[in-house]
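**Q** Chains as they are written, first to last, in numbering that gives the first Met the number 0: chain A, 0 to 300; chain B, 0 to 361.
I should point out that these hints are in silico values taken from the structure, not numbers from a laboratory.
Check each hint, because a few of them may be wrong.
What the hints assert, rightly or not - For the chain A half of the interface with chain B, some residues (derived, Cβ under 10 Å), not all of them:
1. Lys-97
2. Leu-206
3. Phe-240
4. Asp-255
As the list claims (entries may be wrong) - DSSO-like cross-link-like pairs, simulated, lysine-lysine; straight-line CA separation at most 27 Å:
5. A/Lys-97 - B/Lys-293
6. B/Lys-89 - A/Lys-81
7. A/Lys-254 - B/Lys-34
8. A/Lys-253 - B/Lys-89
9. A/Lys-182 - A/Lys-230
10. A/Lys-81 - A/Lys-116
11. A/Lys-144 - A/Lys-33
12. A/Lys-33 - A/Lys-12
13. B/Lys-89 - A/Lys-103
14. B/Lys-251 - A/Lys-208
15. B/Lys-293 - B/Lys-357
16. B/Lys-151 - B/Lys-123
Positions of the beta carbon are idealized from the N, C-alpha and C atoms, including for glycine.
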Amino acid sequence: MIIGIPNGLLNIKYRDAIQEFLNTIGFTTVVSPKTNKEILDLGVLNCVDEACLPVKIFHGHVEYLRDRCDIVLVPRIMKLNKNEFICPKFCGLPEMVKYSLDIKNIICPTITAYNEKTLRNSLYNFSKTFRVDKEKFKRAYKGFKSNIYKYNKTSISNPNLRVLLLGHPYLIYDDFINMNLAKKLHQNGVEVFTEDNIEPYDYTYRLIKKPFWTFLRSTYNCAISLVETGKIDGIIYISSFGCGIDSFSIDLIKKDIGSFPYLVLKIDEHTGEAGIDTRIEAFIDLLKRRSKNEYNISSLG
Amino acid sequence: MNITFPHLGNTYIAAKVLFDALDVEYTIPPISTKKTLEIGCLHSPDDICLPFKIMIGNYIESIEKGADTVLITGSCGPCRFGEYCELQKKVLMSLGRQINFIVIDEPSKIGIKEFLNRLSSVAKDSRLSIYKKIKALNMALKAINLIDEIEKECRFFAGYEKNKGEFSKLLKDVKREAIESKGAEGTLKVLENYKDKVDRIEIDNFKTPIKIGIIGEIYTIIDSLSNLYIEDILMNLGVSTKRTLYPSWWVKNTALSALKINRSPIYKEAKHYLGMCIGGHAQECVGEAMLNYKMRFDGLIQIFPVGCMPEIVSKAILPDIEKRYNIPILSLVVDEMTGEAGYYTRIEAFLDLIEGRKRMCI
Ligand code: SF4
Ligand code: SF4
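The following block holds chain B by itself, in its conformation from the complex (with noise of 0.2 Å):
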């Protein structure tokens, strides 16, 4: 068995040290590029949202170099990527790949049972014991939040930094040196490594840069060949980005709304104008909104698939905010065929616009 699954981010690296530590075969897919997309554009509903597409020419570019089981989340939520496993499946099947899925279900919908069935057939061909398997998993867990940790000061920080690029360059960095180094420890070693050089990256706090926001639907925003690599372009102007959405937060978030106890704050914000859950992440896009426009953000951006369910009806949403607490936000909406020109000229106006009443003091 070799085990593969879609990219989502940093994930690569949390599962790169799970697999490690667990001594089971898998195959990381390249990263996602253009190519990518287009294997699975080709092979893909036309209509279905975006990620459903990367995913599948991630799986695609698997299997070529040789991975024969894909492991993915089944998110039950009321929208369409709990439901993306079946057609997902057929659409392999259909290019003649023989192909084994496993689900990973919450499980309070396929029983604690048939839970941990799926979840120990990751791990089938580990001879580990069982306590080195729980260990490794939690390897796993202190990696995607340390890189996610990494990720999020490198991004915020940028506007702040005295030499230009340091901590773009990091970033670059710690992620090519993570998935060279050897082993699941190693892998860890350096992820601690750069937590520290991060942290001692000079900064100038008299600097007052434009800070935005990130919000939207959460494969969008976290994965960057699909929003066009916006945060990068916005780190290279010397703009602070911030956005809660990583991997990290939805382990998080899950584990806690399973055993009921979440009391994120962002809820509470929401709550005002989206009392549910609708599915999606469209509640957490506009409590987001309300957090940020809270901590002072000079601007929002909101980013979402062509056809993307819930989204919309936050986007309906937030020109109220917009309005009523004077924030400038201004949607993306991206699909395969997103022109790159007029993308990056939408984003640099909005950049002009919130620099225009920066200067104006508004």
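Chain A extracted, bound-state conformation (with noise of 0.2 Å):
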């Protein structure tokens, strides 16, 4: 059987795990292209309108899949922290791509995974579908933990800059939809922070209510560690049209760091790349003048 694997939304960062766990088990894989302007395409026409960009762009890889694969994967992430959730769109996403696509031949394995028993527990559900036994499914469990995607820092040597860049996996991640943005920041000299590559401390007892959204509180805890260390410049938070879960963060991280520099970037399949581009260096203008002023006044200080 083959088993095909969407290319969107956290599969992009779990990809090479889920591939490398189908594989041992047994299945062939295929993994759906880098988003392209045909799998846009593809999401555009047969999501709901109201919907954010990344759940569109998923649409349109399983509808890329629906014909090359027997099967396609479409998991149910519902927690990845304990008593927090991701977003409900996840958790009704094999709803939404059931009936929008119209589509019968998909898979949609429950994930919770808020640590390491849950996680095996959801993927041991997972295989029993397919009668698997035990021994076998250790050994797939052991490719799944060793396959899961490291960010490898690129370290620019001599930055003078470094910015922090925010935003859900899947848009940072997916080159397409964030039209190339962390090498376009690269070849301006900035070094790019992400999620993955620091280690924020919690600040969430700050807030009155601990958040119960996985997504606020990385960024959140990300953003004002960074701040607060002086460890950045500036803050670039690219995020997409419609994410309810990003108008929070966006308020709520705007209210706390104050002046600190901080460019937000909305898309949607409309979004042009030449604005995204004016946009992003005016903003590299300003550190590049601030951080220039800085030494001034140091110096004269």
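Assembling the complex is the task here: the two chains are given apart, and the hints tell you how they should meet.
**A** Given below as structure tokens:
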């Protein structure tokens, strides 16, 4: 049996691990290509209009795979942290895909993974549907663990600017959606931090209520940690229109960092690359000017 | 301490009863109007969902009238509503308003002790005995059940009334009198009175009005400002409407779910399409759609605010129900920019469609 893995949403991060897992069990897998125009159009055409861009693109990936494999994997990711949720659209993703695309051959394992045990359980339950024996599962699970995506830090020697790039993994790692944002920053000599290559402290005690969204908590912590320790010169937040969770975190962060340089890029299927480029350039200029000024002041003082 | 709260349908009547009975100071926010929405939009993040904005408008208008403490529930579901208080507080603080928030969360999340703590902080200024306080809570519950029951009947039987406009007049009167009457007992008496009156309005059982179920995101279907008074409009057109999501339903549902004895048929009906809670009220929306179909309703209207995450999922599911069970469904997405003209045209076209189907006996 050939299982299709859509290359969208969190699959981007866990793609290799999932592939290894399924291969070890003994399936052939096919991964949809990186997001491109065709996939975007397929998604926009088939998905509910009001949905956010990443979800639309995910629909595109599924549609692309539909005739190229026997069954498409649409995971239902419920929780990645205890007492926290990801996003209603993740929980309802299989339903959205099923009814919007009118597709029957999907398999939707429910993933609840806030620690080793629950992750293992979720995967075990998933593999049970294929009647996999314990030994094989053990090997497959090992393969899964050792293939989880690791962000390799591309460090630029002697960077004059450091920027924290915030946003959901599927926006940051999908170069088609974000229009090569990271590359563009590198070309300008900016070093980029992302959630995956820093270790934030927990600043949520500052809030009256513990946030129950994983994305909200992690972006908030990252931003505040780096701003407080003075490791960065600016923050770029990339988000998609209609993302309910970002609408919170963007403002929550903004209200806490005061006048710290902060650029919010919102994208959807109509966003033009030129406009984004200008805004990034302007932002980098601003950062450069600021760092110069700071230097002047300190040398004077 | 002067307590205020955001509007949600008829809760203000229950709140009046509660605070009157507790004998604490409170401010009922002025009825939400376009102005409220404008104020709210001005101070809220752009992309936030509509309920947030209207609530901010409510707070600010209440603060101007002297309130200093906001009481809200923070349902810990996986949706934005539970996260509201955080950002709302920051918004109000950045406006230079000193304001306290009392967030009533589910006991299972914050611990029973903290829950009781917060509850009692509401009645801090009240000098009544604990027994009287519980009685006050009880009266408030009774009030919300009564007024919701009255409203429900008015809306449903509006299509059957003999003399046009009676139900809609009665609904207006009861709300006005309830809020103007003195004391908690006074309000309750008014409500009970009107409950009898509703039953005495003459109806014509031979009529066959269009029957429409209103489903969707709980706040926007309850709050008439955000749905541009859809129920009133349908009522005036002689259409019978039904909606299950009332504040009283929410209270009951939350209580039952907390005790894990919720057997509402909604969830059974929704199961085939959406077997789990994904946040917000998507499951209820789908379940309601099925229930209304089974009760032979002529059509369904789904309403939700722009960017509402759970309802987008249900919107993806509804077309399948529409096709399979042959029941027309209209999805209306609202925000502060929704134009009245286009909105009403769509509703009218939808009613025409149903009218036509009825005539052809589909
Ligand atoms: S977190 Fe935001 S961007 Fe991601 S699926 Fe949910 S709404 Fe869309
Ligand atoms: S259910 Fe919709 S309207 Fe309500 S908080 Fe969630 S996103 Fe906002």
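**Q** For every hint, state whether the structure bears it out.
**A** Status of each hint after checking the structure:
| no. | hint | in the structure |
| --- | --- | --- |
| 1 | Lys-97 | holds (8 Å) |
| 2 | Leu-206 | holds (5 Å) |
| 3 | Phe-240 | holds (7 Å) |
| 4 | Asp-255 | holds (8 Å) |
| 5 | A/Lys-97 - B/Lys-293 | holds (23 Å) |
| 6 | B/Lys-89 - A/Lys-81 | holds (26 Å) |
| 7 | A/Lys-254 - B/Lys-34 | holds (25 Å) |
| 8 | A/Lys-253 - B/Lys-89 | holds (11 Å) |
| 9 | A/Lys-182 - A/Lys-230 | holds (21 Å) |
| 10 | A/Lys-81 - A/Lys-116 | holds (12 Å) |
| 11 | A/Lys-144 - A/Lys-33 | holds (23 Å) |
| 12 | A/Lys-33 - A/Lys-12 | holds (12 Å) |
| 13 | B/Lys-89 - A/Lys-103 | violated (46 Å) |
| 14 | B/Lys-251 - A/Lys-208 | holds (25 Å) |
| 15 | B/Lys-293 - B/Lys-357 | holds (17 Å) |
| 16 | B/Lys-151 - B/Lys-123 | violated (34 Å) |
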